[in-house]
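Visitor: Given next are the chains, with one letter for each unit.
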Amino acid sequence: KAGVTQTPRYLIKTRGQQVTLSCSPISGHRSVSWYQQTPGQGLQFLFEYFSETQRNKGNFPGRFSGRQFSNSRSEMNVSTLELGDSALYLCASSLRLAGGLLETQYFGPGTRLLVL
Amino acid sequence: AQKVTQAQTEISVVEKEDVTLDCVYETRDTTYYLFWYKQPPSGELVFLIRRNSFDEQNEISGRYSWNFQKSTSSFNFTITASQVVDSAVYFCALDNNAGNMLTFGGGTRLMVKP
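For the record, the sequence lines run as chains L and P. Read in my numbering, the first sequence has 15 at position 15, and its numbers run on one by one without any break. To convert, count from 1 in the second sequence and add 1000; that's my numbering.
In isolation and in its complexed conformation, chain P is listed as follows (with noise of 0.2 Å):
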């Protein structure tokens, strides 16, 4: 069975701060997917990065970066000096290939205030 824990359900940020949200999995699988989305009030989910099993290499976009790591079963995100528009939830989530059945986290809401 798979598993995706975020254990913080909420963050409170000051706009500029740093905010890291973590995001810890189980899996027995060797080839597995990780991603991050985002969801703002509307709803929709939106897609912000993938990562297969076999890439551990940390990516940076633009203020967000993520940090990969097999050996304790993490995939963190960071968001370097936060804007007021980055509040949302933003679920982290797996997907082992079997098919396009993704185990989401709880989620983390990110409060960031002026």
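Here chain L stands alone, though its shape is the one from the complex (with noise of 0.2 Å):
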């Protein structure tokens, strides 16, 4: 089974542009979360999709924002960059059962964008 991919792999972007990063989960996994990943903050938590809705949201700006499609695919949106925003993105799928137990939640291998 192929696992979580997540593209592009890297970005530079500039200050005031936007990005879209993009995230395929596991085949057969409804759920996925995202999370930035810096030096600073370490790993912190962005939000989840299920089933095309936003379940949960992290503390963040709502410059960051995201969407699901119906085949689970995943995208997050990043408008007027900062420079704080230069991480690590990574997506995680997760077999989540609708009022199911939790999951265990696969990683990609992550997008590296850096804001000049």
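Calculated from the structure, these hints are not laboratory results. Be a bit skeptical, because a hint or two may be false.
[What the hints assert, rightly or not] Computed, partial: chain P to chain L, Cβ under 8 Å:
1. Tyr1025
2. Tyr1033
3. Ser1042
4. Gly1043
5. Glu1044
6. Leu1045
7. Arg1050
8. Phe1054
9. Asp1095
10. Asn1097
11. Asn1100
12. Met1101
13. Leu1102
14. Gly1107
C-beta: ideal position from N, C-alpha, C; glycine also.
Got two chains here, separate frames each, mind docking them using the hints?
Guide: Dropping the structure here:
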């Protein structure tokens, strides 16, 4: 079974631009979560999508948004980029069942974003 | 609020030594899940183990073993006979089943020297 895939793997943008990152979950997984990893703040939860609905959101400004498609693929968007948005963005998928117990999250290779 | 603390930011050992990575957590929930992930230089987080709060049995998988103690809110990870390939950053994480929202510790960078 193929793992979680993320595109692009590397990205360079300038301040003020916007960026869209993509995540394809493991086949059959319906939950996709996004995390930001920086040297200063570590790994922080951004948001989770399940069945095309945002279920949970971390403590990030509204510039960070996402969506999920009917095939469970997810995208996250960051508008008006700031230097501090430079980070490794990790996507994770899990076999979350409606009303079911928590399932393990499996991570993709991440997208390294550099904002200049 | 949940919190995970990995007090050891960096550990250096020589190959074949045993090493224990500490993890202490805080949560008010009675149902929660603990995880360990490995992050090699490539960046991808690799799942190692998951434990729920009702299962305090220790687990061994090859050279890896985990010690979960609710009384001390700890979930420590031991690598026996370490190898150079074990060099990576290891993260302990907590999820309270409210959703797929992992709270991570700061990570421990393990360097295994030949």
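Visitor: Need the list of violated hint numbers for this structure, in ascending order.
Guide: The structure breaks hints 1 and 8; every other hint is satisfied.
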